[in-house]
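J.: One-letter residues, chain by chain:
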Amino acid sequence: MEGISNMKHGGVRGTFLHRILARREITLLVIIVLLVAAVGIRAPRFLQPGRQLSILNDTIILLMLTLGQLAVILTAGIDLSVASNLAFTGMAVAMWNMMMPGVPMIVLVGASILIGASLGAFNGVMVAVGKVPPIIMTLGTMSVYRGMVFLISGGAWVSAHQMSPAFRGFARFSFLGLPSLVWIGVLTTGLVYLFLNHTKGGRELYAVGDNETAAGFVGVSANRAKIKAFVLSGAIAGLTGLLWVSRYASAQNDTAIGFELETVAAAVIGGVSIMGGSGSVPGVVLGAVFLGIVKNALTVIGVSPFWQMAIQGGVILIAIVANTLVDRRNQAKLSMNGVSA
Amino acid sequence: MVRKIVATGLVLLMSAAMVFAAGRAEGPADDDTLRIGLLVKSLGNSFFEAARDGAMEAAAELGDVEVIYQGPSTPTAEGQIEIIDSLIAQGVHGIAISSNDENALVPAAQRAQRAGIEVISFDSAVAADGRSIHLAPSDDELIGRSQVQAIAEMIDYEGQIAILSASSTATNQNAWIEWMRTALEEPEYANMELVDVVYGDDLSDQSYREAVGLFNSYPDLRGIISPTTVGVAATARAIQDEGLVGQVELTGLGLPSEMSQYVQDGVSQNVALWNPIDLGYAAIYITYHLLRGNVEAEAGAVIPAGRIGDIRVGEGLVAVLGEPFVFDASNIAEFADIY
Amino acid sequence: MAEVVRLEDVRKYFPGVKALDGVTMSIRSGEVHALIGENGAGKSTLVKVLTGVHSLTSGTVYVDGAPVSFRSPHDSQAAGIAAIHQEASMFPNLTIVENIFMGHHLRKASGLLDWAAMKTRTRELCGRLSLKISPDTLVRDLSVAQRHQIEIVKALSIDARVIIMDEPTASLSLKEIKELYELVRKLREAGTAIVFISHKFEEIFEIADTYTVLRDGKYVGDGRVGDVTTDDLVRMMAGAALDRLFPERTPTIGGIALRVQSLRQAGVFEDISFELHKGEVLGFFGLVGAGRSELMQSIFGVRGRDGGSVFAGAAELKALRPQQAMAEGIAFVPEDRQEQGVILDMSIVENTTLASLKAVSRFGFPNRKTELATTERLAKRFSLRASSLRQVVAALSGGNQQKVVLSKWLATEPRILILDEPTRGIDVGTKAAVHSFIGELADQGYAIILVSSELHEVLGMSDRVLVMKEGRLVAEFDRDNAEAEQVLGAAIGATTAQRGA
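Chains as they are written, first to last, in this note's numbering: chain B, 3 to 343; chain Z, 201 to 539; chain H, -16 to 484.
Check before you lean on any hint, since a few could be wrong.
Calculated lysine to any residue pairs in the SDA-like style (CA-CA distance at most 25 angstroms, straight line) [claimed, not checked]:
{"#": "1", "chain 1": "B", "residue 1": "Lys202", "chain 2": "H", "residue 2": "Arg90"}
{"#": "2", "chain 1": "H", "residue 1": "Lys169", "chain 2": "H", "residue 2": "Thr235"}
{"#": "3", "chain 1": "H", "residue 1": "Lys115", "chain 2": "H", "residue 2": "Glu172"}
{"#": "4", "chain 1": "H", "residue 1": "Lys91", "chain 2": "B", "residue 2": "Ala39"}
{"#": "5", "chain 1": "H", "residue 1": "Lys31", "chain 2": "B", "residue 2": "Gly218"}
Just so you know, the hints here were simulated from the structure itself, not pulled from any lab data.
Could you build all of it, start to finish, from the sequences and the hints given here?
T.: As structure tokens, this is what we get:
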């Protein structure tokens, strides 16, 4: 049948679109390379392989948290409580280790994931069942969870000498030349990728964020999807809590304060739509790496501390705007192609 | 319906928490008891927890003093201003402040003074317009010079050094850094060069990142002075992680509990700090005697401070508590259990 | 051909409305069945009953001869019934494959998704309909026509035997419509039953085999399309005498209140000229999308225009200046009251005086007493049902919200009222109140434009009826010679009605 004539271009459009999707991430990659090169000119040591590894190491926690944030934002939500969740779980496992140094690390890892997931589940249930808007709910728990840190610690810190050597060394023992922190980050990234792209539950997050009504039509439960996303975000935040206090060998009350906004920034830079339904794991990886490089670069190129915050914000904005513009230009091109076809 | 119940429950819970918290903060208003607010840079900082313990000790000794320990959850001037206003509203008799911003707190402090409240500062000063006496933990000059001397001994008076501070607006930090610069002009430090001052904002991750940045920018760096607890601990961790122990020396001002591990591991030969317990203790004694009219806030005044002995008020109404105490591998473990 | 679905004496009552009142219908495989009726006849409710969105008040649905009861869209899908909703059911940011398989993804033995199998199946289904399109294309990059086609593929993916298409040609170009017909015929050949809902008779005669006509929720007739003429269908849709009560009145038509000359906006409406008199109710009838609302918006000044002029009395109203229209005494009650008419989170009083703040203010501040008095007066007039005038509008019923909207505009003390679909979605009682009120206002000398898609409302209320079709005025009727069939015919384009004046 030759009836559906305008469909013939569909195939062409499909692959064309693929190229664009790739290109959107490539835009970010190009920006990252340019940034590294620019910093390298100013501070050549920045380009040494060892330095790159140290930046990667520094970025892993941000990356992991942003993956959780991605899951929540996909459902058109936001999780502002991740940093407080991290601080609480980190403090809890550090205190456990301080009181019972003999408990094996694997138990603490499990506990951190469980504690974090429970805090996330509370957010999820209130958002899904209680219909509290995510931004309000997590703004509330951001303070509540942070307050809980003070409550369990009584204001005191857990210091390096109070932690067992295994606890202190957990985030940095070397395996095949890379620190354990990096391996955990890679593993988490892989698992989240698998979940979001190759499981029913993962795809449903996209469906709910993209069009909740339509999701209902095809029998996808928006409530279950939202709870899943918050639990994932919470579980990751809990795990990073353990990693954070282990890495810095210090559990403090204001650990990671303000970090939740960095995860949102990394997600947005990585092309995640704050409206929900759109965003990818590779995008988030690039977004987190970009932010990690900016933060590390500012410390080596000798920018006045008074300027650092403004520059960081400015660079983030430029990346987002550039990304959006490229995206929009491609869209425009696409619709023009559509018309001419 | 369920939503309504949940919402009501939440509101009740929050109100209950507020009433509970308020009840604890205010306590009985007895005319004979002096109520003194101890306003610190931020809550949850072990250093100030120790200062609170000292303040409580002083209050117990004096008998007719009640200490109200308060601070914002993050170290900001805005948070402290809010607390000052609430302390005024509570009708406290005196406030002792460790400020996050020398000048920003002045208007709020003056409001307190106009309300008849005795305002002093301790640890980190409020500008002279906003307080009577400032109790310095130590002499700024002495701290600056002793830190430079400590790092000089570690690196044999030769090589590049850097400073990793807290926030770029912290009053005390900047005063010490100025004195470090002055000290470095002395002939015995001629072979030492201060290459950079960076700021970790008293956050672990930021301080760690700044320390790594220093290693990157200055491959020949020999030593780092970090006159702040979070900064010196994070720097120690970074030196350890980057395998630079022995190559980059470290000293600074830090809580013995946070630094104990690193001093014993040899990452840092020694760190110094005054005794925050004594600081809180003395701050309460000074405020108490001023309120009772036992002494006037004027240069040359001598204020008795319990077990510490007399504290002399100097130029600019600054009183000095004492010299920083040095912790090394021989003694840090026992102090680590205290603060 | 075998009967797949049968409805027998199906009724669906909502509070105050009998949306379906005894409908019987037989849907057979390999047949395109047209569902016909004017707006509000019950077509959408019928679709919702078939897709499991609404439960029945009484009556029975049979699938393959066995009675069924759909409790959710899932049940209906399992029975092989799929509806082509428009945009509402698509995921724009996801690919075609995923839009098709969301909710029933294919999985491998490991539990992971089997993308390869889903893509193969998508290609196969597309191939069956001769659609050449990559399964990886994002739906947001598809044209409206392509989205329809994907919806059909989606219906096939769940092995649907009945596919319901609700006005599928509404936003398609001529060429795209032809392609859709092609697709529908292909489905019919494959034995699928299709329920085709359309206002356009030429479409029905082109594609449908059988028809069912509904009016006021009631079954009116059915048969084979080949056995009837357009006029027959119009007669069935329009019905006999007016069985609804509208206020009796003897209008006193005065001088010209509003004059519109050759008004046009490219692609929306063309060459519109008419006059509105004092004390007159002028009805505007037409199908949804005929350009009536857009015309009114342009007259009021909230939408631009490409030519022509509007005079209120002696003053010429400029484009895009609603303040001027208001100053000349025009009040415009828009179509979608939730979006444009009321501010849901504000109280009744605040909403009522919103458009007339100047009148109730002293020294620039609204005077609470005056505000309340004005609101009270209007609320009484409309017998507004609310626990307090300080109540927020969101808490009111649709009908009472409409009363607030009307109050708001009457508080501005207008001379000309433009009412766009003033009774859509409100219950019968409130409808009657609005009708009698419109009559009252006209008797008091207000000039009123009544835009409505409800034929009998236009006929019952208007002193004169103008009919719009595809952006043009195509017919004019006086109260005395406005017959339902002719008016409807003019709007649909079935009979050639001459424009009188």
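J.: Take the hints in turn and mark each one as holding or not.
T.: Hint check:
1. With a CA separation close to 8 angstroms, the supplied pair Lys202/B and Arg90/H stays within the 25 angstroms bound.
2. Of the supplied pair hints, the one linking Lys169/H and Thr235/H is violated, its CA atoms being roughly 59 angstroms apart against a limit of 25 angstroms.
3. A threshold of 25 angstroms between alpha carbons decides the hint, and for Lys115/H with Glu172/H the separation of about 20 angstroms falls inside it, so the pair holds.
4. Among the hinted pairs, Lys91/H with Ala39/B is inconsistent with the structure: their alpha-carbon atoms are about 45 angstroms apart, more than 25 angstroms.
5. With a C-alpha separation of about 14 angstroms, the suggested pair Lys31/H and Gly218/B falls inside the 25 angstroms cut-off, and the hint holds.
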